[in-house]
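Chemist: As given, the protein sequences belong to chains A and B, one line each in that order.
Quick note on the numbering used here: the first sequence kicks off at 1 and runs consecutively.
Quick note on the numbering used here: the second sequence kicks off at 1 and runs consecutively.
Some clues are possibly wrong.
Partner residues aside, some chain B positions facing chain A, computed with beta carbon under 10 Å [to be verified]:
#1 GLN192
#2 ASP196
#3 ASP221
#4 GLY357
#5 GLY420
Straight-line Cα separation of at most 20 Å, EDC-like style, residue types lysine to aspartate or glutamate; simulated pairs [unchecked claim]:
#6 LYS142/B with ASP303/A
#7 LYS175/B with ASP303/B
#8 LYS71/B with GLU124/B
#9 LYS71/A with ASP207/B
#10 LYS150/B with GLU124/A
#11 LYS37/A with ASP207/B
#12 LYS381/A with ASP303/A
Each pair of labels, with its calculated beta carbon distance range [as the list claims (entries may be wrong)]:
#13 ALA43/A with SER40/B: 52 to 62 Å
#14 GLU25/B with GLU46/A: 55 to 65 Å
#15 GLY75/A with GLY206/B: 15 to 25 Å
#16 LEU48/A with GLU31/B: 25 to 35 Å
#17 ALA385/A with GLN464/B: 24 to 34 Å
#18 GLU31/B with GLU25/A: 12 to 22 Å
Just so you know, the hints here were simulated from the structure itself, not pulled from any lab data.
C-beta: ideal position from N, C-alpha, C; glycine also.
There are 2 protein chains.
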Amino acid sequence: MMTSGKTETAEIGKRVKTVYDVVLEGIQRGEWTTRDKLPSVRAMAERLKVHRLTVMKAYQKLVDDGIVEVKYKSGCFVRGAAAGVTQVDSGVDQPWDYQARKVYTNRSRLADIHRLPVDYQMSEALIDPNLLPNMYMSNYVKQIFDLYPKLLSTYSTVMGDLELRESMAVFFMQKQGITAHADELMITTGSQQAIDLVSRSLVKPGDKVLIERPTYSPAIDVFVQQNIRLIPISITPEGYDLEHLEQVMKREKPRLFYMNPTFHNPTGFTVPAGQRKMLVELAERYQCILVEDDVYHDIYFGDPPPPPLFYYDTEGYVIYIRSFSKYVAPGLRISVLAARPSLMNGIAPVKALADNGTPLLNQKIFQHYFFSSRLQEHVAKLRIALQLRKEKMEQLLAGTGWRWTSPSGGLNLWVQLPDGFPVEKLLARCLELSVAFVPGSICDPLGQIEPWIRLSYSYINELQMEEGIRRLIAAAGELRSC
Amino acid sequence: MMTSGKTETAEIGKRVKTVYDVVLEGIQRGEWTTRDKLPSVRAMAERLKVHRLTVMKAYQKLVDDGIVEVKYKSGCFVRGAAAGVTQVDSGVDQPWDYQARKVYTNRSRLADIHRLPVDYQMSEALIDPNLLPNMYMSNYVKQIFDLYPKLLSTYSTVMGDLELRESMAVFFMQKQGITAHADELMITTGSQQAIDLVSRSLVKPGDKVLIERPTYSPAIDVFVQQNIRLIPISITPEGYDLEHLEQVMKREKPRLFYMNPTFHNPTGFTVPAGQRKMLVELAERYQCILVEDDVYHDIYFGDPPPPPLFYYDTEGYVIYIRSFSKYVAPGLRISVLAARPSLMNGIAPVKALADNGTPLLNQKIFQHYFFSSRLQEHVAKLRIALQLRKEKMEQLLAGTGWRWTSPSGGLNLWVQLPDGFPVEKLLARCLELSVAFVPGSICDPLGQIEPWIRLSYSYINELQMEEGIRRLIAAAGELRSC
Numbered sequence: 001m002m003t004s005g006k007t008e009t010a011e012i013g014k015r016v017k018t019v020y021d022v023v024l025e026g027i028q029r030g031e032w033t034t035r036d037k038l039p040s041v042r043a044m045a046e047r048l049k050v051h052r053l054t055v056m057k058a059y060q061k062l063v064d065d066g067i068v069e070v071k072y073k074s075g076c077f078v079r080g081a082a083a084g085v086t087q088v089d090s091g092v093d094q095p096w097d098y099q100a101r102k103v104y105t106n107r108s109r110l111a112d113i114h115r116l117p118v119d120y121q122m123s124e125a126l127i128d129p130n131l132l133p134n135m136y137m138s139n140y141v142k143q144i145f146d147l148y149p150k151l152l153s154t155y156s157t158v159m160g161d162l163e164l165r166e167s168m169a170v171f172f173m174q175k176q177g178i179t180a181h182a183d184e185l186m187i188t189t190g191s192q193q194a195i196d197l198v199s200r201s202l203v204k205p206g207d208k209v210l211i212e213r214p215t216y217s218p219a220i221d222v223f224v225q226q227n228i229r230l231i232p233i234s235i236t237p238e239g240y241d242l243e244h245l246e247q248v249m250k251r252e253k254p255r256l257f258y259m260n261p262t263f264h265n266p267t268g269f270t271v272p273a274g275q276r277k278m279l280v281e282l283a284e285r286y287q288c289i290l291v292e293d294d295v296y297h298d299i300y301f302g303d304p305p306p307p308p309l310f311y312y313d314t315e316g317y318v319i320y321i322r323s324f325s326k327y328v329a330p331g332l333r334i335s336v337l338a339a340r341p342s343l344m345n346g347i348a349p350v351k352a353l354a355d356n357g358t359p360l361l362n363q364k365i366f367q368h369y370f371f372s373s374r375l376q377e378h379v380a381k382l383r384i385a386l387q388l389r390k391e392k393m394e395q396l397l398a399g400t401g402w403r404w405t406s407p408s409g410g411l412n413l414w415v416q417l418p419d420g421f422p423v424e425k426l427l428a429r430c431l432e433l434s435v436a437f438v439p440g441s442i443c444d445p446l447g448q449i450e451p452w453i454r455l456s457y458s459y460i461n462e463l464q465m466e467e468g469i470r471r472l473i474a475a476a477g478e479l480r481s482c
Numbered sequence: 001m002m003t004s005g006k007t008e009t010a011e012i013g014k015r016v017k018t019v020y021d022v023v024l025e026g027i028q029r030g031e032w033t034t035r036d037k038l039p040s041v042r043a044m045a046e047r048l049k050v051h052r053l054t055v056m057k058a059y060q061k062l063v064d065d066g067i068v069e070v071k072y073k074s075g076c077f078v079r080g081a082a083a084g085v086t087q088v089d090s091g092v093d094q095p096w097d098y099q100a101r102k103v104y105t106n107r108s109r110l111a112d113i114h115r116l117p118v119d120y121q122m123s124e125a126l127i128d129p130n131l132l133p134n135m136y137m138s139n140y141v142k143q144i145f146d147l148y149p150k151l152l153s154t155y156s157t158v159m160g161d162l163e164l165r166e167s168m169a170v171f172f173m174q175k176q177g178i179t180a181h182a183d184e185l186m187i188t189t190g191s192q193q194a195i196d197l198v199s200r201s202l203v204k205p206g207d208k209v210l211i212e213r214p215t216y217s218p219a220i221d222v223f224v225q226q227n228i229r230l231i232p233i234s235i236t237p238e239g240y241d242l243e244h245l246e247q248v249m250k251r252e253k254p255r256l257f258y259m260n261p262t263f264h265n266p267t268g269f270t271v272p273a274g275q276r277k278m279l280v281e282l283a284e285r286y287q288c289i290l291v292e293d294d295v296y297h298d299i300y301f302g303d304p305p306p307p308p309l310f311y312y313d314t315e316g317y318v319i320y321i322r323s324f325s326k327y328v329a330p331g332l333r334i335s336v337l338a339a340r341p342s343l344m345n346g347i348a349p350v351k352a353l354a355d356n357g358t359p360l361l362n363q364k365i366f367q368h369y370f371f372s373s374r375l376q377e378h379v380a381k382l383r384i385a386l387q388l389r390k391e392k393m394e395q396l397l398a399g400t401g402w403r404w405t406s407p408s409g410g411l412n413l414w415v416q417l418p419d420g421f422p423v424e425k426l427l428a429r430c431l432e433l434s435v436a437f438v439p440g441s442i443c444d445p446l447g448q449i450e451p452w453i454r455l456s457y458s459y460i461n462e463l464q465m466e467e468g469i470r471r472l473i474a475a476a477g478e479l480r481s482c
């Protein structure tokens, strides 16, 4: 039986939540938008017939959740350019539990961590520039200018350079048996732009969007800016729970599912071949577009990964985003977005508005460099170098008792610390020690996933890694003994 | 006195308009959105208590206006990714006359014209690649790679390369007396991206946006995608009617004014120095942001233009978009967006979502090439070459009786044909004759401005121009004698 005190607390909590929800819904509806001032505590209390303290508590929670900010002596203001609210799945058998998440917080937190100049960089999933064949690339660029002396004098088309798109069509066919016409391929300025274009052209406010839990955190921000509702779908070493996924697709009619099924970021998991065709069938049945972000496809440590989901797409339900620049040449920012015409026709006009086409210079350099035999030899060596770094990191962590699934590709280790471990405190201490990593909560659409961290093994060399992991383990030990 | 027949027609016209408006407002409100099916003719007729024929006529007009499309045996569907509706100013003293305009039509029509391979290209405001110092640029790029051997291995920051932003800050100060800290400068992938970022970060659906009439047509599409209301402001050789502008700002409280005050595209007009400070004061008084697109600043044929409006901005009401790549190296796509922190803080997160930063390669090449003395010598020569081409075109048109204001900079002649001249027929005939130009209606937010055309003198050489203009005049003669 509940005590009267508890009932009262629950009642107050309910009223605070009501005020909180009124503001959230007002932001969703557009009653208040970015930089708008909210009504004063007094005015809101009168409007909702509640005590001022209740409004103050609700406003405080909105501040804590990053939705509203306080300006000194001015009041409360709606935050961020795209103050949106997501609604999330709290489980199959429970009622839908809609809760707010922080807007742009992932990206800005991640940027804050990356901005700090640390000696032991394990937070950025980048490849060590010393592993890239810099001299060779420089020489290659010089040759490009002999080939195309007027290269800097002309623009690309919106879809991208036809020569590159035709070469890519041949590459996809030869390497993966994917049939895609050059008109079904668009060149984008990195994968970030491709995800943004998809988000801008295919979802509208109020749409439901499935996203993996955990996921690539900037994608959360890209979709949230469209004021959609995010529904998280768990990813495990065995892929997705397809039965659950089908229930969610059937019931919620999501517009799309943003996924990263190959050497998934941050977990390193790969959705097994057996699920891939079934996923495309589900997409067709429930008319849910699969946005397949394939960023680490070529970074495998053994057998190549299974074919992309796009391989099975004939009805136009998959958008395939293939990134190359990370391991070819980050400075180029070249990715390919592949989609059937029914989808591409919606994306191309937004690319025209966004930048009228990726710079031609970058496309021509990429074209001639990527398809050279020298680059293919480089990638083979890069795979071995990254596998050695991964194995080194695993050795260094072996005695900790921490747990992870050893990835067969990609750049990251997704490590589970003991239950209840204070990850934020660990991060703060590590940054003092010049060590950076990504706390798992940043990768979670719900902002939870507490005792996990993402460690990238691709940026630092083995000597640095020894010292960096030594400091990380020492910091964790200090916290445990507190 | 009206005849009964006319009254009846007017009555039917009114009912058709009602149905038309109901659909438009539904789209604005979000009742129907892109790809949604409209109610059947029967259902809509019942809902609005009108005859089915009335609904059919309204739907037909919506199809004609590009807002809705018919799918065979399926019905009518809302078109385009950003089916928006603009509301426009029909004059100071008249009631506001809200009318629909075609979505994405400008851009797709322009693209259609540009796509045709013609021998006499006067539709694209591009600089003849033969006027750019291609060999020199190629050699320069090679040097860059000696300077930065790992240039391709690293990313830029979201705001752009600090070295370039600091050099730009010095350049703006030395050349134009503009005080802007490096943190107030963002590097974008061309001006198209800068305009798109402004539109995404600073306006919300329903906002009012001022735009020049005529204007740079892709800007119309960029703003319309946000479902805003466009209010046209006429530009003349004397600038704007400031009294009218103040009335509109006061009454309509527009969020921003997108303007191109220097060698304006398409007209070539330059807003006089005397108006510039007053414009910034108006912007501050009515809290209307001025988005100053300065694309032709360095292409002047005599004295340099007056200082940008941004020169007068201390309170953070001007966003200055300065394009360089057109005359430096189109293949690079480098522009600078300058704004005070209050505005920049809203734009930077959207740039992060859009592409996480312009490719570093392009920024480093631009940096070292743009600030070389050789480039500055090149620009001086380019001005003379373009002035000669402009004068040549004016000589060739001298006998036609057509009218234009001779521009003192930029790439275009804005030419008025005789009243009632069938410009669309002229374009069709010219395209048959392998001659391309831009019909004035494309540059008009209202889609009217009928007997005007934009002729670019920058792309074709003088010999080509002689033949191209000869064919244009002959085609016009044919049409006149019909």
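Chemist: None of the hints should be skipped; say for each whether it holds.
Modeler: We went through each hint and held it up to the structure:
1. GLN192: holds (4 Å)
2. ASP196: holds (5 Å)
3. ASP221: holds (6 Å)
4. GLY357: holds (8 Å)
5. GLY420: violated (33 Å)
6. LYS142/B with ASP303/A: violated (39 Å)
7. LYS175/B with ASP303/B: Holds, because 14 Å separates the two Cα atoms, which is no more than 20 Å.
8. LYS71/B with GLU124/B: Given pair LYS71/B, GLU124/B is violated - Cα atoms ~34 Å apart, limit 20 Å.
9. LYS71/A with ASP207/B: violated (25 Å)
10. LYS150/B with GLU124/A: holds (18 Å)
11. LYS37/A with ASP207/B: Measuring from Cα to Cα gives roughly 17 Å; hence the hint holds.
12. LYS381/A with ASP303/A: holds (15 Å)
13. ALA43/A with SER40/B: 52 to 62 Å: violated (46 Å)
14. GLU25/B with GLU46/A: 55 to 65 Å: With a Cβ separation near 33 Å, GLU25/B and GLU46/A fall outside 55 to 65 Å, so the hint is violated.
15. GLY75/A with GLY206/B: 15 to 25 Å: holds (23 Å)
16. LEU48/A with GLU31/B: 25 to 35 Å: Holds: the Cβ-Cβ distance is about 28 Å, inside 25 to 35 Å.
17. ALA385/A with GLN464/B: 24 to 34 Å: violated (54 Å)
18. GLU31/B with GLU25/A: 12 to 22 Å: Holds - the Cβ-Cβ distance for GLU31/B and GLU25/A, about 19 Å, lies within 12 to 22 Å.
Hints 5, 6, 8, 9, 13, 14, 17 from the list above are not met by this structure, while the remaining hints are.
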